[in-house]
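Chemist: Chain order of the listed sequences is A, B, C and D.
In terms of the working numbering, the first sequence is residues 1 to 293.
In terms of the working numbering, the second sequence is residues 1 to 293.
In terms of the working numbering, the third sequence is residues 1 to 293.
In terms of the working numbering, the fourth sequence is residues 1 to 293.
Calculated directly from the structure, the hints in this document are not laboratory data.
Hints should not be assumed to be uniformly reliable.
If you only want the chain A side, here are some residues facing chain B, beta carbon under 7 Å, derived [stated by the list, open to error]:
| # | residue |
| --- | --- |
| 1 | 32 |
| 2 | 33 |
| 3 | 35 |
| 4 | 39 |
| 5 | 41 |
| 6 | 205 |
| 7 | 212 |
| 8 | 245 |
| 9 | 285 |
So these bits of chain D aren't anywhere near chain B, every CB distance computed over 10 Å [to be verified]:
| # | residue |
| --- | --- |
| 10 | 37 |
| 11 | 43 |
| 12 | 93 |
| 13 | 98 |
| 14 | 175 |
| 15 | 179 |
| 16 | 279 |
Once the Cα atoms are required to be at most 30 Å apart in a straight line, the calculated DSSO-like pairs of lysine-lysine come out as [what the hints assert, rightly or not]:
| # | chain 1 | residue 1 | chain 2 | residue 2 |
| --- | --- | --- | --- | --- |
| 17 | D | 123 | C | 281 |
| 18 | D | 281 | C | 24 |
| 19 | C | 281 | A | 18 |
| 20 | C | 283 | C | 24 |
| 21 | B | 152 | A | 24 |
| 22 | D | 283 | C | 25 |
| 23 | A | 281 | B | 152 |
| 24 | D | 283 | B | 123 |
| 25 | D | 281 | D | 69 |
| 26 | D | 155 | B | 123 |
| 27 | C | 16 | C | 123 |
| 28 | C | 24 | A | 152 |
| 29 | B | 123 | B | 283 |
| 30 | A | 123 | C | 123 |
| 31 | D | 281 | D | 18 |
| 32 | C | 69 | C | 281 |
| 33 | A | 123 | C | 18 |
| 34 | D | 123 | D | 152 |
| 35 | C | 18 | C | 152 |
| 36 | B | 24 | A | 281 |
| 37 | B | 155 | D | 123 |
| 38 | B | 283 | A | 283 |
| 39 | B | 16 | B | 123 |
| 40 | D | 68 | B | 152 |
Glycine included, C-beta positions come from ideal geometry on N, C-alpha and C.
4 protein chains.
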Amino acid sequence: MDNKAPGKDVTDQDLKDKFPLAAKKSPDHRSVFDIAGVTFGAETIPVFAGPNTVESRDQIIDIARNVKKSGAHFLRGGAFKPLTFPYRSEKYYELREEGLGYLADAKAETGLPIITEIMEESKVDAVAEVADIMQIGTRNMQNFPLLTRVAKTGKPVMIKRHFGCSLRDWLGAAEYVLVEGNEKVILCERGVSVPHTHRSSSRFLLDLQVIPAAQEVTHLPVVSDPSHATFWAPWVEPMTLASIAAGADGIMLEVHPDPRNAAVDPLQPIDYQEFDALMTKMKAVASAVERTL
Amino acid sequence: MDNKAPGKDVTDQDLKDKFPLAAKKSPDHRSVFDIAGVTFGAETIPVFAGPNTVESRDQIIDIARNVKKSGAHFLRGGAFKPLTFPYRSEKYYELREEGLGYLADAKAETGLPIITEIMEESKVDAVAEVADIMQIGTRNMQNFPLLTRVAKTGKPVMIKRHFGCSLRDWLGAAEYVLVEGNEKVILCERGVSVPHTHRSSSRFLLDLQVIPAAQEVTHLPVVSDPSHATFWAPWVEPMTLASIAAGADGIMLEVHPDPRNAAVDPLQPIDYQEFDALMTKMKAVASAVERTL
Amino acid sequence: MDNKAPGKDVTDQDLKDKFPLAAKKSPDHRSVFDIAGVTFGAETIPVFAGPNTVESRDQIIDIARNVKKSGAHFLRGGAFKPLTFPYRSEKYYELREEGLGYLADAKAETGLPIITEIMEESKVDAVAEVADIMQIGTRNMQNFPLLTRVAKTGKPVMIKRHFGCSLRDWLGAAEYVLVEGNEKVILCERGVSVPHTHRSSSRFLLDLQVIPAAQEVTHLPVVSDPSHATFWAPWVEPMTLASIAAGADGIMLEVHPDPRNAAVDPLQPIDYQEFDALMTKMKAVASAVERTL
Amino acid sequence: MDNKAPGKDVTDQDLKDKFPLAAKKSPDHRSVFDIAGVTFGAETIPVFAGPNTVESRDQIIDIARNVKKSGAHFLRGGAFKPLTFPYRSEKYYELREEGLGYLADAKAETGLPIITEIMEESKVDAVAEVADIMQIGTRNMQNFPLLTRVAKTGKPVMIKRHFGCSLRDWLGAAEYVLVEGNEKVILCERGVSVPHTHRSSSRFLLDLQVIPAAQEVTHLPVVSDPSHATFWAPWVEPMTLASIAAGADGIMLEVHPDPRNAAVDPLQPIDYQEFDALMTKMKAVASAVERTL
């Protein structure tokens with residue numbers, strides 16, 4: 001593991017002292033594990049699809065059926081949502097425990113396993129009952145007590161990188177889960193904040209360079225989430241295909257039956273037809289880089 | 001051209017007032033033009049390959065022969081180089097006019113057209129005599145007198161985005177060339193500077209999101225240069241394939257017969273065999289997104 | 001409140017809808033409140049001084065005595081510390097509840113009120129018993145359940161700005177506390193992450209421009225913490241004096257009897273003599289801008 | 001010169017190899033030199049005041065008289081202006097050689113020496129005839145042929161830091177001037193670009209931390225320009241006073257008789273009365289840090 005490039009964020013010393021469990025033991029070392037019958041870290045690229053927010057029982061079941069038909073492996077959907085401001089509106093809300101129940105119903109109806117976000121310690125058990133993967137959101141990436149508490153459930157954990165944090169910080173967060181003996185840890189890139197003057201045209205910039213950078217030093221699978229980063233549906237397709245070409249070990253996408261009327265962030269989801277068409281293109285690019293979907 | 005996403009850097013007003021020539025006239029508007037028999041802006045993706053710096057006559061001819069054999073369309077190589085500090089060493093130098101001559105020799109031997117950097121007004125004519133494409137480097141993106149002077153040669157111009165500049169600034173630079181009646185303008189993304197805390201592991205981060213962002217508002221072709229951005233040869237392959245999947249209209253790569261002994265930036269070039277193998281993979285990804293090489 | 005400057009992060013609509021409680025009602029609106037006999041938001045500039053980490057009972061009492069003698073208004077010191085990696089060493093540790101006890105002892109001995117960090121919901125009551133101000137650290141700025149839980153104790157709260165968050169995000173966090181009816185909210189700037197290429201020479205850059213920017217839109221006091229941002233003791237003096245000249249409503253400083261042997265971040269604390277000398281200079285600059293210490 | 005802090009941009013090796021002339025020879029080493037009777041690098045802090053752009057002969061003479069009356073040491077004003085887009089309007093223009101003539105007239109009338117920007121090699125001699133200090137703008141900081149050409153005039157040079165460049169890059173630019181034997185080099189901080197998510201509320205963030213960082217490694221004087229960075233007149237006062245408290249060796253300010261009708265950037269200049277009042281406050285803060293104006 002030659003790690004001598006100037007400007008590298010992670011040093012060889014870090015790999016030994018700071019995240020010995022997240023660090024690769026050899027150049028070919030890659031964690032391969034099963035979650036709900038889906039293999040992570042191998043040739044296949046799992047796809048997580050669904051809405052930003054669970055809006056109703058009917059909505060989430062309808063979405064689950066449609067994304068499953070197009071080939072998604074997991075249903076994503078938020079029951080608990082971190083919102084920058086404390087006020088909710090008729091259109092902008094969380095269903096909380098009620099939403100968890102609807103996710104469970106969608107799973108019962110379709111068989112699709114669930115990935116959903118956990119934001120607070122007091123809800124860990126409730127979320128763990130429904131989720132096949134517990135998602136740590138960007139804002140909680142360094143909420144260490146939450147990481148430890150979630151790790152202890154034994155459930156697989158996906159850690160979204162904070163938009164202002166380095167690869168080194170991200171691996172530190174993963175180590176908090178691994179040190180509890182929980183080995184099913186997935187990393188997820190979702191965009192970094194960029195200086196105003198070189199903002200390409202969005203709030204965040206999807207950092208695809210972090211995919212080979214992370215894979216160089218860690219054995220953990222790295223998922224890419226282009227929907228949040230781009231914040232703009234027309235860019236989701238090119239950035240999804242680029243993620244696969246860059247070596248992503250999974251893809252997370254926002255899919256909504258009627259994007260313009262989504263409860264949260266209506267500019268970023270794609271609809272059922274767009275998702276179905278994108279899955280076909282994703283398979284073509286995956287095949288070109290000797291992966292499968 | 002719906003341009004309403006929050007956080008967008010380029011407004012509809014900008015498209016009308018600031019860069020009317022660079023702006024698309026309709027969603028499908030794309031500039032297609034020929035340079036030295038190679039078509040830009042269409043299905044085919046031109047590849048520029050060669051060393052950072054022209055080191056000797058033999059070196060540049062050998063490189064030209066090898067990258068041509070693997071399918072490159074243009075030979076790249078610097079005769080004039082902007083260096084952050086005023087001191088040169090035995091290993092770190094520019095051949096200047098002598099280097100231009102060697103580029104001309106390499107073209108004569110192989111037929112490969114030339115792209116090379118122009119840094120100062122007094123050398124514009126000398127460079128224009130040899131170059132098929134005049135390259136404006138990142139540090140001169142906003143050197144407006146130079147842009148105007150180069151535009152007036154009538155030679156095609158490739159403008160590298162400054163690592164601290166926005167899409168809006170970049171299109172402003174392109175407009176300086178277009179307004180002189182020179183329509184063969186190519187944009188080139190080469191990485192942006194990123195906050196220390198979320199540096200993935202390099203000096204720069206290749207901004208692939210700017211490719212769909214630029215193509216949404218401008219008709220000009222957008223090339224990607226993964227070598228400089230990643231500064232690390234092992235990441236060049238994934239970021240090159242990701243560039244193509246993201247929709248890049250051209251690829252610029254550093255190729256050197258003996259990378260570790262390159263005069264400048266020895267960690268980033270790939271060697272002949274790596275380039276040849278990468279070309280095969282690039283063709284596979286290009287084909288998956290309905291492009292060709 | 002004219003808020004029309006281009007590039008402004010906070011809009012007039014935000015002031016009405018997103019943080020109506022944090023927003024100023026008129027240009028001269030400033031919150032003035034008392035904490036443990038010290039007035040915030042008025043002419044006087046409170047100073048919080050002490051170690052990064054409570055290391056022992058003797059250490060914290062000795063520090064309390066010394067910073068009090070030089071004129072500090074509050075004792076700062078961490079009993080709970082967020083650490084990027086899960087491993088502790090002999091030198092790098094947290095005393096947790098034991099440390100809280102020592103802070104209480106230091107207060108009993110010297111009368112200095114206490115500011116200390118709270119990181120997890122399960123410790124809120126324990127910290128609230130000892131702290132006069134509950135500090136929310138940079139990494140928990142958007143840990144909304146924690147903000148709400150802390151707000152409900154009724155104790156004054158100081159919110160450190162996340163190094164990757166905007167003024168708008170920061171005011172959103174303040175609103176989470178204010179909406180619970182807790183009006184004693186203090187904002188604290190502690191440095192933002194900056195692009196690698198324009199890093200002045202540290203991990204973070206103290207954003208003094210945010211002081212007038214925040215004071216333009218919010219009535220809450222704004223404290224500056226130069227120690228963490230600069231990460232380098234020799235720069236603490238100029239950045240502290242600059243903070244006061246920029247209008248800071250409070251100053252937080254790391255003071256340690258033997259900085260090079262501090263348990264955490266040994267390059268940033270100043271020693272007793274340096275603190276005493278700095279207090280004299282702070283008074284001179286405060287007086288020049290019609291404030292007092 | 002202990003330079004061991006983690007994250008430092010400039011290494012001891014750089015000081016020896018990359019900018020031996022810009023580097024301090026000892027901790028107390030500071031360049032002190034005279035320009036037009038004003039001492040730089042010593043106790044006194046020179047003030048450069050005037051409009052962004054020379055708009056007319058009457059305007060510039062009126063401004064020169066007024067800023068001189070309030071105590072400014074130099075008249076600033078742009079005859080040549082770098083504009084992001086190639087189009088000019090009735091309100092937004094450059095007077096070029098005509099403007100240089102008006103600057104000369106203002107100097108003849110008031111005796112105030114002149115600082116003005118030079119953007120292109122072909123105008124170097126014309127500008128050198130009028131200017132007492134040749135200003136290199138942010139966008140030309142790494143235009144190395146221009147730096148060399150300007151250095152050779154022997155005129156004092158002020159180099160504005162590029163908004164996306166590091167201290168290391170900045171010192172590299174200074175070295176290009178010093179290596180030509182021109183020792184009167186002044187550095188000027190004017191704001192760096194910051195990530196969208198932590199933008200405090202402006203396009204740029206004035207990096208005051210770079211003042212002690214630069215003074216730690218170089219003997220050259222460091223000037224601060226709060227007008228451009230803040231882009232908002234109400235923040236100019238606090239950031240000017242903070243610059244002095246942070247140790248700035250000079251202050252550059254935009255002053256205009258009727259700011260709202262300024263030809264360029266009407267939100268950032270202060271008017272005559274504001275400048276006069278600010279000079280009084282600047283003197284008070286300067287005195288508090290043992291400097292004079």
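Chemist: Tell me if the straight-line CA distance from residue 281 of chain C to residue 18 of chain A falls inside 30 Å.
Modeler: Violated, at roughly 40 Å.
Chemist: Examine each Cβ of chain B, and state whether all of them lie more than 10 Å from the Cβ of residue 98 of chain D.
Modeler: Fine: 18 Å to the nearest Cβ keeps residue 98 of chain D off the interface.
Chemist: Assess, step by step, whether the Cα of residue 281 of chain D is no farther than 30 Å from the Cα of residue 18 of chain D, and give holds or violated.
Modeler: violated (39 Å)
Chemist: Given the proposed pairing of residue 123 of chain A with residue 18 of chain C, does the C-alpha separation stay at or below 30 Å?
Modeler: holds (26 Å)
Chemist: Report holds or violated for the interface hint on residue 39 of chain A, using the least CB-CB distance to chain B and a cut-off of 7 Å.
Modeler: violated (21 Å)
Chemist: Given the hinted pair residue 281 of chain D and residue 24 of chain C, is their Cα-Cα distance within 30 Å?
Modeler: Roughly 26 Å separates the two Cα atoms, so the pair holds.
Chemist: Are residue 69 of chain C and residue 281 of chain C close enough, with their CA atoms no more than 30 Å apart?
Modeler: holds (16 Å)
Chemist: Is it correct that the beta-carbon of residue 175 of chain D has no partner in chain B closer than or equal to 10 Å?
Modeler: Not fine: 5 Å to the nearest Cβ puts residue 175 of chain D too close to chain B.
Chemist: Would the hint linking residue 123 of chain B and residue 283 of chain B be met if the CA-CA limit is 30 Å?
Modeler: violated (37 Å)
Chemist: Do the numbers back the hint for residue 41 of chain A, that is, is its least Cβ distance to chain B under 7 Å?
Modeler: violated (17 Å)
Chemist: Compare the distance between the alpha carbons of residue 281 of chain A and residue 152 of chain B with 30 Å, and conclude whether the hinted pair is satisfied.
Modeler: Violated. Residue 281 of chain A to residue 152 of chain B sits at ~42 Å, over the 30 Å cutoff.
Chemist: Classify the hint on residue 33 of chain A as holds or violated, based on whether any CB of chain B lies nearer than 7 Å to its CB.
Modeler: violated (23 Å)
The earlier numbered hints that this structure contradicts are 1, 2, 3, 4, 5, 14, 15, 17, 19, 21, 22, 23, 24, 27, 28, 29, 31, 39, 40.
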